[in-house]
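> Here are the chains, one letter per residue:
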Amino acid sequence: DIQMTQSPSSLSASVGDRVTLTCRASESISSSLNWYQQKPGKAPNLLIYSASSLQSGIPSRFSGSGSGTDFTLTINSLQPEDFATYYCQQTYTTPRELTFGGGTKVEIK
Amino acid sequence: QVQLVQSGADVKKPGASVKVSCKASGYTFTNDRIHWVRQAPGERLEWMGWIWPGRGNTEYPQKFQGRLTFTQDTSANTAYMELSSLRSEDTGLYYCTRDRGYCNGGKCYSRFESWGQGTLVTVSS
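Chains as they are written, first to last, in our numbering: chain A, 1 to 109; chain B, 1001 to 1125.
If you are wondering where the hints come from, they were derived from the structure by calculation, not from laboratory data. Among the hints, a few may not be true.
Here are the simulated lysine-lysine pairs, DSS-like style, with alpha carbons at most 25 Å apart [claimed, not checked]:
hint	chain 1	residue 1	chain 2	residue 2
1	A	K105	A	K42
2	A	K39	B	K1023
3	A	K42	B	K1023
4	B	K1012	B	K1023
5	A	K42	B	K1107
6	A	K39	A	K109
7	B	K1012	A	K42
Predicted, not measured: the structure shown is a model, and the values here were computed from it.
Using the sequences and the accompanying hints, generate a full structural model.
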């Protein structure tokens, strides 16, 4: 299976900050990467697919980049509703063995 | 609008089985795969496989082979996940999600666009 590693596991930031989250695949996955946001007690919500495509309805302050093994999710001007845990998911092996990263929790400083 | 509504929380003893339902509305149920994802307390999301309603095709990760069964009732737009031989490590939130895939460069990839609200399964003696 392809292993996904996210860093950092948590970070503290203030409203208005720009934050960058990282996801690394154990082997090349081209641009087959999705990002999800999850708030406590809620289901995940798709933010970005195909590494950099913004899902419909998601604010433009969210952006994704990367290909191969290294990917980033950037949140420009962090808003109060953005404090959550973010997961990456590789879909290179669709429809088999889809795997998630361990998550990055974004907390209020 | 697309909705996935799951069955309620359940408590099971070790060794028992649990069956969770996922009722879909707002789209053509047979068009897209339904995946199942679980999350143990404080842990990462774990992909559990999928069923393609209408086609009946299924995919199970190696980890769950022999313990996991997906079924469907297309007349009720409902998918089911049954996990047997439960152990304490199976305690967690179980989600169904609609895969509205996208295609790029001649290949198609998964995209979990809509999710159920989650079903808490507790395994305890």
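> Hints first: check each against the structure and report whether it holds.
Hint check:
1. K105/A <-> K42/A: 14 Å, holds
2. K39/A <-> K1023/B: 23 Å, holds
3. K42/A <-> K1023/B: Holds, at about 18 Å.
4. K1012/B <-> K1023/B: 22 Å, holds
5. K42/A <-> K1107/B: Since the Cα atoms of K42/A and K1107/B sit roughly 31 Å apart, the hinted pair is violated (cutoff 25 Å).
6. K39/A <-> K109/A: Distance ~17 Å between K39/A and K109/A Cα, so the pair holds.
7. K1012/B <-> K42/A: Holds - the C-alpha atoms of K42/A and K1012/B are around 23 Å apart, at most 25 Å.
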